[in-house]
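A.B. asks: Listed here are the chains, written in short residue letters.
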Amino acid sequence: MMLLGAAAIAVPLALHFFYRARYRPLPWAAMTFLKQAIEQTSRRLRFQEILLLLLRCAVLLLLAFAIARPTFSGSTAAGRGESVDAVFVFDTSYSMGARDGEKTRLERAKEAALTAIENLPPRSTVQIFSCADRVAALGPISPGNLDQARQIVETIDLSSLTTDLLPGITEAHNALERGAGTNKEVYIFTDMQKLGWDRQAAAIRAKCDEIKQRATLLLVRCGNPERPVRNVSVVDISSPGVEIPHSGTRIPFAVLIRNTGKEPVRNVAVALEVDGKSIEKEGEVIEVINPGETLPVTLTAKLDAAGPRVVTATITNDDLPGDNRLDKIIMVRDQLRIVIVDGSPDTRDPKEASSHYIRNAILPVSSGDLDNYFVRVTVVPADEAGPGLLGVCDVCILANVPASSADRPGIPGLSKEFVDRLGEYVKNGGGLLIGLGDNIVPARYNQVLGTSGANLLPFDLEDAIVATADKPFKIAPDTTDTPSYLERFKDEPFRTVMADVDVMKLIGIKTTGSPNGRVLMRMTDQKPFLSSRVIGEGEVILVAGSLDARWSNWPAKAGSYLSFARMTLQHLTGKAARGANRIAGETLIWNPTEATKPFAVRQPDGKRVKLGRATGGEGGKKLTVTAADTSLAGVYQIGVEDEEPLSGPRFAVAPDLRETDDLTSMTDGEVEQFLGFKPVFLQANSANEQGIANERSKREWTVWVLLALFFFAVGESFWAWYCGKAW
Amino acid sequence: MPSTLLQPEILARAEALGVMAKQVVEGLRVGDHKSPYRGFSVEFVQHREYVPGDDIRHIDWKSYGRSERYTIKQYEQETNFTAHIVADTSNSMRYGEGLQNKHEYAKLLAASLTYVIVKQRDAVSLRLFDSDWRAELPGSSQMRHVNVVCKTLEEAKPADKTGTGALLEQLAERVSRRGIVFVITDGFDDVEPMLKGLRHLRFRGHEVVLFHVLHRDEIEFPLDGNVRFIDLEGIGQLMTRPHMLRPAYLRAVQDYLKAMEKGCDVGRVEYVRMVTDKPMQAALGDYLVKRLQISPR
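Listed in order, the protein sequences are those of chains A and B. Residue 218 in our numbering sits at position 218 of the first sequence; the count goes up by one each step and never skips. Residue 105 in our numbering sits at position 105 of the second sequence; the count goes up by one each step and never skips.
Hints are computed from structural coordinates only; laboratory data are not their basis. The beta-carbon is built from N, C-alpha and C at its ideal position, and this holds for glycine as well. Accuracy of the hints is not assured; some may be wrong.
Stated by the list, open to error - So the derived list for chain A, only partly shown, Cβ under 8 angstroms to chain B, looks like this: (1) Ala-30; (2) Met-31; (3) Gln-36; (4) Ile-38; (5) Thr-41; (6) Leu-45; (7) Gln-683; (8) Cys-723.
Unchecked claim - Computed far set for chain B versus chain A, every beta-carbon distance over 12 angstroms: (9) Val-51; (10) Ser-92; (11) Ala-135; (12) Val-148; (13) Gly-163; (14) Lys-278.
Construct all of the structure, not just a fragment, from the sequences and the given hints.
C.D. replies: Have a look at this one:
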């Protein structure tokens, strides 16, 4: 159209020459004066003619321009009439579930989106995406089907994921390519949480700039900037003591809650339940929790049955429900079976046996109650330690056991079969605690259990180091590596009792060249004392000293020794549950023992999603079933597809708490500064319709062009009259 | 003098011209110009004191103003002089419609002057010119000479360009006896040669009167619209919008007219502007009245 309009400027040009034919002839005598007059005014006359021609050309050009309904760039933004290819990106991180007024942010986003759809010109298209830290295309199947788009908008749900707008913005940019029209708009419905912009700031900036070249970027603010969100999160559920959860007991749990908002929250009700049994729910009301404050709330729960149990902590009375619930799977045992391989048994004086103190630490009950105690300990000498033992134990302890019978003459060591089976045992989730002692030949240990052998040790061993009697080695609890299960040794009273231990002899640990090992605690002279290594599903804990009283007085320091033993057991037995506790967005992995049929997963909202068949199983590889879509927090269960109910393992998925670490929103000015240009800002409220219409109108130049056209036309008429060349 | 075979229509028109001239002159007698005139006198002789009975029309009022004494101007009585009428018949005189046509106007003026002068028994010669002499009639004081003059005037058709200056110089050399030279032209020629020619005539002792015949359009340039001006004396054309040029044109015309008046004044040539929209009777009458009121040079 503009080309047609441009061609129209040929009209005044033609008329300009046409006028030449309209001159009336007049014979004239006083030509001399005429010529003089023309000479004096020729420049002025030429200027007038050119100006008139330019005015007339400008009028026609402006008219053509106005007909073309030009818009501001980003250019491709629609004026009121032409169809629009719209892309909607919904921020579905759970901060959008905040209620900062009468409605939640998501509700406002939906209303704004529906209004935007209503205001789309005819023949417009819509493509809808949801985005938390990953993007999902929601439809519609046919972008021109606005009814389907409306339905999709109404069914949008939140996730338990954190905010990262880059995937959504990237997909929106790609979606622009698929639209066939020239007028494009990208709407991002978000609460403008700073986290979502900062995480991949440079990439977001670059992508928004690309979008700006092709479309109008509209940021629809769905939060109420004037009303701060009061929020308390359930951060963790942990066992404050050293108890290993076992059936038939009521054990305490510490529910950690944190105020992540900027306002105090009052009367927060904290509750705990096991496997969804509200009858057994225990609760407490916190009168007030101030901004930034973290409070542990101790509640007890009765553990009836053994196996993986879902412990759920909930809170109420804040504005953001997405992080008000935390599910955690704990392994409840009816029995804990421990095998201690004693490298120096002593039937005559059991106290002299290497296993004596560790056994007693593990069995803190009187001998009369042993049968009723859930921990079953089997102590065997090294020559009786067969591979079969590892099939029925949860934790294996090697106490001063030579790596092989050849290490110390007359002192039996580990058999090859046992060592081989030990490796498998640990990989499959078993826990191994190794205490050293006089029977240990470091070089042989390395050959059998270290890097040259089964490769079970966190680090290879070096020669023994002996302290002087007046200057024993001291343990430094402050060197505890965090996070680790021994963190509590950094705090009192564990810290003092640990520092009080005198160690007379140690085996040196070669920490270099073994990237898989981890030093958990050191001596005051930085020599490693406790180290660990995760192997497959299991873990190995190595004590550089002995577990008996020969090399240190540690067993005598009950507070330290007992705590270490219980914590270690708790840690090693708790690994079975660790794989079952994930964070939203992480993949669930299960290794079934057999897989003849396809599998499915039941999500927290009750939906079943097919997972297909298990992979692997050939060449010694484990069968593996994965479920990648864990955007909702809650309990998932995997099982055979047509099974009802599903009998596979449960997984507890927690919301990604990074989302609520900082609920700060960016202001319009901050966003503009961040992007380096000014997008269109809209507030998701009842003024949307007018707001969007006004924005489209503002983006049009038409009114300004018509105004300019009016002035030019008036100017042309006046000038033409003045020059005697009126139409 | 060119000889022509007079066509009946020319004769008729010549007669009509003579009648019109007569009417003009007679009109001067009895019309608005009640002032009597005594014809033209060439020489002023002297003043004498007024005595009762003298014609009070000859009282020199200027002298009275100076001396508060009544004196009578005395002229050379019954002087035979020849009035030389020199009329421009170049193409530039073709502008105008009807009686406002400059050529027609000039013809009527020339015929009227001829009638007046011959009526008082003075001689009139006629010369017509454009770039050269086109007609020359020797002086005669006979009444039938008026018809001849009229016929010659009627036969004359505007043609060619104007070459006034050089022709006036020639006239000054040819005419030895002093007389009155009436130059009737639109003056659309080089100003300096024209003024030089007039001054030459003055130098030769003639009384020179320049009748500057112009159309109102040429003075005021009231044209509008889009006009293609076609040069009457050339081949050039100019397309323009007159109203855009008007201020500059008027400046040019006024400069020219001032130059003509000043040149005539300096050369002691009597300058009479004759605009063709003014009826000849009024125009000639005004001139004759004015002539009576000022001292002859």
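A.B. asks: Of all the hints given earlier, name the ones this structure violates by number, lowest first.
C.D. replies: Failing hints, ascending: 7 and 10.
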